[in-house]
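Just so you know, the sequences run in chain order X and S. If you use the numbering used here, the first sequence corresponds to residues 74 to 635, in order. If you use the numbering used here, the second sequence corresponds to residues 23 to 400, in order.
One thing to keep in mind: the hints can contain errors.
Heads up, simulated DSSO-like pairs for lysine-lysine below, C-alpha to C-alpha not over 27 Å straight-line [what the hints assert, rightly or not]:
1. S:K129 - X:K433
2. S:K129 - S:K187
3. X:K433 - X:K584
4. X:K510 - X:K582
5. X:K584 - X:K513
6. S:K400 - S:K187
7. X:K510 - S:K129
8. X:K633 - X:K584
9. S:K400 - X:K513
Source of the hints: derived by calculation from the structure; they are not laboratory data.
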Amino acid sequence: MPASSLNPAVPIPQAAAAERPSIPSILHEWVTTTDHKRLGLMYIMAGLLFFVISGCMAALIRVQLAFPNNDFLPPQMFNRMFTMHGTAMVFLVGMPIIAGLMNYLVPLMIGARDMAFPRLNAFGFWIFLFGGGLLYFSYLAAPGLSGAGSAPDVGWFAYSPLTGKAFSRGHSTDYWILSIMISGIGSIASAINVIVTVITMRCRGMTLMKMPMFVWIVLVVAYLIVIVLPPLTAAQIMLLLDRFLGAKFFDTQAGGSAVLWQHFFWIFGHPEVYVLILPGFAVATEIIPVFSRKPIFGYAVMVGASVMIGFISLGVWAHHMFTIGMSAMSNTFFATSTMLVGIPTGIKLFNWLGTMWGGKIRFKTPMLFCVAFLFQFLCAGLTGIMLAVAPFDWQLSDSYFVVAHFHYVLIGGLLFTIFGAIYYWFPKATGKLLSEKLGKWHFWVFLIGFNLTFGPLHIAGILGMPRRIYTYDVGRGWDVWNLLASIGVIFQAVGILFFVGNILWSLWKGKKAGDDPWDAWTLEWSTTSPPPPYNFEVLPEVRSRRPLWDLKHPTDPDWKYE
Amino acid sequence: MGAARRRKPKILRREGIRAARATFPLTQNHVNPARISKLKRLGLVVAGGTGSWAFGADSAQVHSIANIFKPLSAPAEAVYEISLLALLVCAGIFLVVGSLLAYAVVKFRSRPGDEGTEPPQIYGSNQLEMAWTAIPILIVFVLVLVTARTTADVQNHPLPEDSLKVRVVGHQWWWEIHYPDHGVITANELHIPVSSRDQRRPTALRLESADVIHSFWVPQLAGKTDLIPNRANDMWVEPYQTGTFLGNCAEYCGTQHAKMLLRVVVETPEEFARWIASQKAPVVQDSSAQAGRDLFFNTSCVNCHRISGTAAEGVFGPDLTRLMSRSTLAAGAASNTPENLRLWVQNPHTIKPGCLMPDMQLNPAEVEKIVAYLLTLK
Ligand SMILES: [Cu+2]
Chain X
74 MPASSLNPAV
84 PIPQAAAAER
94 PSIPSILHEW
104 VTTTDHKRLG
114 LMYIMAGLLF
124 FVISGCMAAL
134 IRVQLAFPNN
144 DFLPPQMFNR
154 MFTMHGTAMV
164 FLVGMPIIAG
174 LMNYLVPLMI
184 GARDMAFPRL
194 NAFGFWIFLF
204 GGGLLYFSYL
214 AAPGLSGAGS
224 APDVGWFAYS
234 PLTGKAFSRG
244 HSTDYWILSI
254 MISGIGSIAS
264 AINVIVTVIT
274 MRCRGMTLMK
284 MPMFVWIVLV
294 VAYLIVIVLP
304 PLTAAQIMLL
314 LDRFLGAKFF
324 DTQAGGSAVL
334 WQHFFWIFGH
344 PEVYVLILPG
354 FAVATEIIPV
364 FSRKPIFGYA
374 VMVGASVMIG
384 FISLGVWAHH
394 MFTIGMSAMS
404 NTFFATSTML
414 VGIPTGIKLF
424 NWLGTMWGGK
434 IRFKTPMLFC
444 VAFLFQFLCA
454 GLTGIMLAVA
464 PFDWQLSDSY
474 FVVAHFHYVL
484 IGGLLFTIFG
494 AIYYWFPKAT
504 GKLLSEKLGK
514 WHFWVFLIGF
524 NLTFGPLHIA
534 GILGMPRRIY
544 TYDVGRGWDV
554 WNLLASIGVI
564 FQAVGILFFV
574 GNILWSLWKG
584 KKAGDDPWDA
594 WTLEWSTTSP
604 PPPYNFEVLP
614 EVRSRRPLWD
624 LKHPTDPDWK
634 YE
Chain S
23 MGAARRRKPK
33 ILRREGIRAA
43 RATFPLTQNH
53 VNPARISKLK
63 RLGLVVAGGT
73 GSWAFGADSA
83 QVHSIANIFK
93 PLSAPAEAVY
103 EISLLALLVC
113 AGIFLVVGSL
123 LAYAVVKFRS
133 RPGDEGTEPP
143 QIYGSNQLEM
153 AWTAIPILIV
163 FVLVLVTART
173 TADVQNHPLP
183 EDSLKVRVVG
193 HQWWWEIHYP
203 DHGVITANEL
213 HIPVSSRDQR
223 RPTALRLESA
233 DVIHSFWVPQ
243 LAGKTDLIPN
253 RANDMWVEPY
263 QTGTFLGNCA
273 EYCGTQHAKM
283 LLRVVVETPE
293 EFARWIASQK
303 APVVQDSSAQ
313 AGRDLFFNTS
323 CVNCHRISGT
333 AAEGVFGPDL
343 TRLMSRSTLA
353 AGAASNTPEN
363 LRLWVQNPHT
373 IKPGCLMPDM
383 QLNPAEVEKI
393 VAYLLTLK
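Just chain X, with the same shape it has in the complex (with noise of 0.2 Å):
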């Protein structure tokens, strides 16, 4: 079937190849593009993009950290640069990449052409796109157009009264608001395309439960963008009525209420954090039975303890909140649900290693990044497990702790693992491989560094160092962990130069991948590399969720003991 007649908007590529295309015209198709491939990539492309740019921060917070009573940022500089550095990692960098990964796997995991909206998802790119952009502006134009511009200084979490008209004059705090609702709005677009795109366009043969596991996280991923953004959005608009309308919901100094902005806030913000890190799952559970050379340990288990962190995560919002004097009831309550949330991760992780017992793992790249993701979410888990108690949690919270905590689920699970998808699935999105050597590199040196830099964070939190502050004193016992810190930023940094370098140098010398370089078994890996517009020549019919391995291995099919 031709591809021009299921979706005009896609040029035809024999026509365009007939002659170098110029720039402008290569430009014209990225930006005018509904392909959900060209979308996907572009959303990791803005991604990784804000990812130098938060990640510069970062290291520049590292700087100022590294030694007691440093002079290298002034303190309101420091405060924007880390609000700006949480807000950019969540929701310019976290969002856009899964964004992008759903949006450029789903279609091709379940044999379909496109995505169910394909100008909704474009639509979805380029509002998020200007959201982003709105937030980096702040920098320039945010005290309004006469005063010099400067970024929020809230925090990630924005907590009122601190974002009141009050105490956050100027408008840094409006483009906080705004770029966050209008960035989320994109979110909230793809997330439906993603909802009624499994729903509806499975191939033939593809019941729920044939869907590869990726496809079934990433679902429930969209389920809960979808349930939980409208919370934020409320509470954001809330917000500004505040601050230009004179409303009092937040407005502590006439009877508003500063723990609301909290509730609203963590109903959003915690299962967020399960947005976040369920991608990562959903990628490790493609990537970790492919090269250890067995089926998924479990699936239909891992399908219901995905499906019960997504429930269970929309009811613990208030462990972020065990300091501000709630009941020992409420606290006993969410204490107890954070935990529940243990017992279906637990269960993957089991699964996971089931995978790989009796397996012959094959240690490329990617799964290098799978297995450290698999150590270090261990690691993530456990003190997770611990900042449930809600006891020890009133010694722990918003210390550094919490912050190397969230590190290690951020980094150590959700980056690893899109390391990981980037070097699975990169030949497949542009028909040449990434270096192994180089790959290698990036791996060992980016894991020293992770690890260097957030492990002593946990003594620093234990020491009594509290999160956020621009500057400490000698002789309280902190100097040593954080300059170990700010050492373990230099190896990352080096390792995500091996990263940047790998790809320039494998676009251009890459070895040819061919259709299928992992000798692996769902869709996308059947048709060409890179896939042409339309996907499929011939739509795909599968009768197991391994459809690669029934071809390859015609007389020992998965159907039959599925």
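Dock chain S with the ligand against chain X, hints included.
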């Protein structure tokens, strides 16, 4: 900025630390008064001496390493016990799962010659799934029970009627401290008595905020509790060792959140009584500083600062009645020496950039006079 940096004051506590290292006493009997009273309630006889718990009874000693695993107060001790349990459970899980993972990685790696062959394809095992669902459920069950118990123990802990009551009000970026039963107001340095084995002397803290959210955290005394505007919170501490304990504001509260430090001076009951009495004593006018006094009352200092028994009744800044009885300035931003005081009055932003006391634009002679007056506020 450049000049400000050069003149950056020597920051406090170097000396204190050395002293602390030298004399840090190991407390052999960490007894939790909360637990003792419970035992007493059960009618059990508590064996042990009657002496004070205040070892190395030197309230000048600074406990500068605020290790949450070295609690020196009842609620912190209760938290410590459950923390240790949680830590051990997690360490156990880490060892088991971590070793399994490491074993799998080493044992099941593909070896040369494996190419082209696939391992046995195994799809799952119901027994295993049951096992690794049941074990986490059991662990969670145990942790939930101990959490419920400690949470209730600490939060609903009954305090004796006559325990000391203190009201702490958070400000951007300092602490206002009231002793309502004694009519004493001070700032940034909280004085409380030490508990002894035969006499509990817990302190009940009522936490409020005048502006944004702050959090009261002195790790060796108790977990943190937030100070939230338009909402009063309660917490309590019951230290069983004297000395000065360090803490911080632990909720981001704006520009100078980092220099919103806390000092809690735990004293023997006699020392504490003496301290209260000295704070309550009528302010004596020192005529030698009359010029500075006049200047102080003629500039806007009085709009923001209070000096008991005078016309200075401002509440925007810390109470200065007994300024010189404090060992630090501006919530621990600098030690309280005449030089630092001079720097502060000249321009507080050299010590605490961005703080809410404005640069008063005084000339050096005026600064000299005002500082001379401030030095009399003992
Ligand atoms: Cu504060």
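- [ ] Could you tell me which of the numbered hints above are not met by this structure, giving the numbers in increasing order?
- [x] Checked against the structure, the hints that fail are numbers 2, 8 and 9, while the rest are satisfied.
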